[in-house]
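Q: Protein chains in written order, with our numbering: chain A, 1 to 234; chain B, 1 to 255.
Any given hint could be a false lead.
Said to hold, decoys possible - Capping the alpha-carbon separation at 20 Å, the derived lysine to aspartate or glutamate pairs in EDC-like fashion look like this:
id : chain 1 : residue 1 : chain 2 : residue 2
1  : B       : K3        : A       : E99
2  : B       : K253      : A       : E152
3  : A       : K123      : B       : D146
4  : B       : K147      : A       : D86
5  : B       : K82       : B       : E71
6  : A       : K18       : A       : D54
7  : B       : K82       : A       : E95
8  : A       : K98       : B       : E71
9  : B       : K252      : A       : D54
10 : A       : K122      : B       : D11
11 : B       : K6        : A       : E95
12 : A       : K166      : A       : E152
13 : A       : K98       : B       : E74
14 : A       : K13       : B       : D254
15 : B       : K249      : A       : E99
16 : A       : K208      : A       : E3
Quick caveat, the hints were computed from the structure, so don't treat them as lab data.
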Amino acid sequence: MIEIKNLNKKFGKLHILKDISVSCKEGQSIALIGPNGCGKTTVIKCILGMVVPDSGSIEFNGESIINAYKYRNHIGYMPQIGRYPDNMTIGQVFEMIKEIRQCKDLDLDLYNAYKLNDLLNKKMSTLSGGTTQKVSAALAFMFNPDVLILDEPTAGLDVLASEILKDKIIKEKQKGKLVLITSHLLSELDDLVTQIIFMQDGTIQFHKTVQQLKDDTQQEKISKAIANVLKMQQ
Amino acid sequence: MNKIIKIIFIDILKSKIIIAYTLMLAILSWSSFAMEDSSAKGLLTILNVILFTVPLVSILFSTIYIYNSSEFIELLLSQPVKRKKIWIGMFLGLSLSLILAFFLGAGIPLLVYSLDSVGIMMILMGIMISTVFTSLACLSSILTRDKAKGIGISIMLWLYFALLFDGIVLFLLFQLAEYPIENAMVGITALSPIDLARIQILLHLDISAMMGYTGAVFKNFFGTSTGLIASFLLLCLWVIIPFYVSLKKFIKKDL
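Based on the provided sequences and hints, a complete structural model is requested.
A: What follows is the structure, encoded as structure tokens:
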């Protein structure tokens, strides 16, 4: 579904992505993990076309995404820090995205679960970080996309809200959608993901299924397994 | 694309600055026509408004608006919208609303008091100047991520075109007074959109006779229909080139 080949990106002198190649298929649920500044968000932004790679190719359903835009109809993106026009209200933001997407079949599960209906007249600039994240999450899931890209989805959400979100992710995963998650909270990933991509210093250290990783490291939990891998490296 | 232009257009029309700008233009225009006994004097006052305020407001408002829309641009980019369309929508939304403000503020009194070639030319030039400086604002806001720097570049551009350029031209005129530079002067005016607009309007005001030999040369060139078309095309280039460069940069920009 998403094929990344030999992706390179430099920000000035900083070589942030070094020859990255990844292949993601339908029905997979992939966690993209790694230390801060290893290039996780940059990979995601490359897939979304927000960052233009220096070299390499990204294909979505067999078509290059360079200078393309229609493929984003199939992607729901939840940014790490949602930034929205300050003077717009929640209602206006939803209306605007609905108008752009022109999608009839709306998925209002999260929208209803987070009770965003009561907040429609609130300005985006007055929202707390958590409410902004709820808006981002509701928007990402609303248009029934085939691919969900979630950048630190539970950061900033309270326990209740993040449980709702996790249940929703599992539900969508079972529908056979491709889910791509970055997270630092490894303990949260256990029920969510089937595959792990571990990045470090702009390169992919490994891309394994969770089962394989657990077998290799003889651990039960993803967090323990990753800790084990890191120890072995040193 | 229409959706994006519509969203931006409506958003700008709601802003208090654009309403204040329209009111200011209206007060200036109506009062300068009402206070002077001949409409020609009123026209001269409005000319100065067009040549100083309109570019300043256009470039500053557009630059600040583009910087403040960075979230909006980011949000749209993660949606199925073409990059080009976002930037073109931004430019068209801004220039259309500035043109509307100019037309409502200064255009209507011009049509009421001076419904002739001068008045129409003045409205046309006001529209062109608004668009040119919106286009320049697009360029200066894409050159740097830093808002303060971008606004600085915009102010410098305005200072250069509104004041410094004339100074340089005057300096050249005095220094090279002994040489036949009249034809070269015609060429040099093409380097500043404000001067192009000024000369077009002055020629229609029939006071070019007071400008001496250079004025005659200007009249010879810009007064003809070829000159008129040439100066319009030049103004169009002033719109297209900065915007095209900014569009190229925006397509490659990382957000």
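Q: Return the numbers of the hints above that this structure violates; sort them in rising order.
A: 2, 3 and 15
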